[in-house]
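Student: As a plain string of letters, each chain reads:
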Amino acid sequence: MPPRPHPTLRLLQHLVPHWRRLLPAALAAAGSELAAAALMGTAAWLITRAAEQPPLAEVALAVVVVRALALGRGLLRYADRLLGHDGTLRAVAVFRARVYEALVPLAPSGIPAFRSGDLLTRLVDDVDAVQDLLLRVLLPVAAAGTVAVAATGTAAVLLPGAGLLLGVMLVLAGLLVPVLVLVTSRRDGPEERAARAQLAVSSLDLTRGAADLSAYGALGRAEERVRQAATRIARLERRKARTTTLASAVMLLLQAGATVGVTWLALGAHAGGELAAVHLTVLTVLALASFEALGPLLAAARRFVEVRSAARRLAEMLDAPPPVVEPVVPVALPASGPLGVEITGLRVRHRPGGPAALDGVSLRLPPERRVVLVGESGSGKSTLIATLMRFLPYESGSIRIGGRELRDCAGADVRRAITGVTQDAHVFRGTIRANLLLARPDATETQLREAAGRARLLEWIESLPQGWETYAGGDGAEMSGGQRQRLLLARALLADPLVLVLDEPTEGLDPDSAAAVLADILDATHGRTTLLVTHEREGLAAADEVVTLERVAAGPCGPLLTLPQGEG
Amino acid sequence: MKAVERRLMNEVPLLRRHLQVSTVLALVGGGLVVAQAALLAKVLADGFAGYGADGAAVVVPAAVMGGRALVAWVRGFLAQRAAADAKRALRDRVTAGLRRTNPLRLAGGRHGETATLLTRGLDALDPYIVGHLPTKAAVTVVPLVVLGWMARTDWASALVVLMTLPLLPVFGVLVGMHTAQRTAKQWELLSRLGGHFLDVVAGLPTLRAFGRERHQVGVVREMAEAHRRATVRTLRVAFLSSLVLETVATLSVALVAVPVGLRLLGGEVELEVALTVLFLAPEAYLPLRAAGAAFHDSAEGLGVAEKVFAVLDGEGRAAEGALPVPGGGRVPLSVDRVTVRYPGRAVPALEGVSLSVRTGEHVALVGPSGAGKSTLLALLLGFVEPGEGRVTVGGVDLAQLDAEAWRERVAWVPQRPHLFAGTVAENIRLGRPGASEAEVRAAARAAPAEGFVAELPDGYDTALGESGFGLSAGQRQRIALARAFLLDAPVLLLDEPTAHLDVGSEG
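As they're listed, the protein sequences go chains A and B.
Here UniProt numbering is used: the first residue of the first sequence is 1, the next is one more, and so on.
Here UniProt numbering is used: the first residue of the second sequence is 1, the next is one more, and so on.
Please keep in mind that the hints were generated in silico from the structure rather than gathered at the bench.
Keep in mind that this is a model prediction, so the values were computed, not measured.
Beta carbons: idealized from backbone N, C-alpha and C, even for Gly.
A few of these clues could be false.
Covered by chain B, according to a simulated footprint, are these stretches of chain A (three or more residues, beta-carbon under 8 Å) [what the hints assert, rightly or not]: (1) 91-104; (2) 121-131; (3) 209-217; (4) 330-340; (5) 447-461; (6) 520-534.
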């Protein structure tokens, strides 16, 4: 494989196709900074020329230019910010879709992000880093560069020596100052990260574990840990304080050097008769004003540090290989039932080379029968379902469905046949109706009501003031745990797959409702191939078959399932 | 100053000192700005008049500009340190304040929010302390210093600046009020559209399960596009305020420079005066423009400060008693016609419940979820206070007991025990940090947790918690049982101890 370009460059590549919209923004940004510098330069020229007391007509143009620049500066800035945001958000929209497409084959087993809400949030924030790369890094850099070139050029025309000095100082500032920011922000990085991680963990313990701590008289110790972490962070931040503003001080020093140096050269040239008096002040003001345009580089460099790590994380994710390799020529699955599933000698690993999450598992799921798989949490039941749904590959053994080997079929076909309630089933922000229709967009009102009724959700939905149009907020936060589980169940029933899989459909329910829901599930799935995974033992009497999984050994990846006694 | 700012200054006195130091530094900085302008103007005017290039002439302005760099560094350094110290002080205050918050409430829905407040949340104060406060100090003194010198040099120009300077805050407030109304209307739409991508990505496994993942590619783009349109619509108005500020500021420079130039033509002023005024005019507006930008950054920080105060003001628990626990806790417990109401709930969690437990008695409470079993246990732990009725321990009202001493006598296994960042052994030792290894093992054996602990990568030294090894709900519960057994307390409260236990372990 050819070496991949730098992650930040890859992020940048996503902006390139949008250059038509981004160029005007960059021009406006540069124009706005140019206008500010030119305003001061022209005003200086106007004043110095006026001191020579020429006729009014000599300075009339300068008066107009000064006023125009004063007005133009604000307007250009407005245009720059608006165009910049518009263009960037367009780029973000396309980039989000790209990232989404890249994530599709990775969900849920390909990357760790799907196992943690925090990682997922960070991933989404990282995607938006493309916005900052443009708005807060590239645009200010473009504007500063333009002003630097223009100021240097103007100065060089007036007095080559001064131009050279100004150019050198501007380049020095443009390179040295951001590098200084990068270096100073990198210092203490890992140490501070460790302290922050410690603070995060101990404050979670202090809040989420408040009741346990309080009951066991351990509150004081936990508070102490938070305090220690906070103190450590404060110490690191205090140490960093010395360097964080060093860059802006250096910028001012360079500005001082450039201004004084240019002034000194200009004074000498003027005394020697090589420089018109009117240009004397213009040169000094140019030196002063051109550095003003470089000011935003400080913030840009700081932002760049963050964008760079976001880009690195994104690149890592986008490079992750999909866990399941689709067959080149997929074998078709029967479109109508009844179907049975035959699992023999199955071995599954979450990561290649990692420990086996399932090993030597065999299970028969006869057509139109409801098999309940009872086993300990974390014993690999969810792994089995993920494997059945082709979210995870199997290393050895076989899964045969309707006579076809599962790995020879297309993943999408498999999931049309085998689906249901997964471990990480999500309730989307949207109406209850939309959440159900997801499983079957063309479902009729009757089918909807029937599925909700079987999941014992209909009564509740109809009791709501907005009924089916009730908004189910972020991951079903507006519902109780039981209603959420029933919604997931109703959705699975509406999907009506040939093989229904249900992973802990009573998770979070109290024992009585759990038993009731289980009984309802078994009733609703009568005569349908169903694999129900649960840790409940009550309410399973109606099942056609109950299989218990025994744990034989525990590894870092979770305990193993049955059979080979020697392994693990 | 807003009420929240005033309170922040009172809670963290070092911020007031920071503001004072910033004001002094701003004063020094303003003085240097004036000196730089006057000195450069003099050097240039002298050069213009043909006094020749004296190398020494530029030394003083160079020193002044170097001084400005130094002041900038000191200002930033002190501000960063103030931010570090203030955040530490607030973290300590919040940590201590959490003690007064009901632990069940804390452990419930809001845990994420409070934990975030303690960690990243407080970092939002940085822009306020490092940016806003020093800028605010500069706003109060720098324009005055600059304007004062301008008036001394050329009162006519000073008058122009004096007239236009107030326009910045006035326009800023006017435009700000208008945009605030417009953006408030958009806010809900923006946050909904903005949150869509996260929602879809989080739900991607579900979308794949139902074969809807391809369909969403287009939706992601559409929603992001809708988000862009709504954002740009909002920004078109929101950026108006900065447009107005920038324009007033730059236009004022023109308003100063052009008349001065024309007066130079007539020989009414000298070049040195004109140049001083030109250099100084933008400096008068600079702090106000910077304040506009810093103001936006500080809003988030003040929001965080409000959340901090909400924690500090959190409903204080009723004054706790100080009586010793009678009989070391080996006494009967009694719940007498107790009613518990949670704020905001119509139906009481417990209503007129009575219960008595004799010493050594095992009582099982049976009831469906929501019947108030957990509330009853919380009541016995003192986490919840009875609205009516009372709880007595050996005849003494629980409210009069030293709560911590009482909890030392109670071992509790909650429905969802929390595992702390630490090893398995440390988690079992929660209530008795000094327990020996043998005691820990004995408790684990009784739980029974010994079996699966032995199979963990590092046995009892395996790290647990948020970033540690993930245990199943059943295993967590057994660790919590071991924790309770190790405490060996006279009162044992078990909340659904078998809810997550797997087949074969109950029995």
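Student: Among the hints numbered above, which are violated by the structure, and what are their numbers in rising order?
Tutor: Numbers 4, 5 and 6, in rising order.
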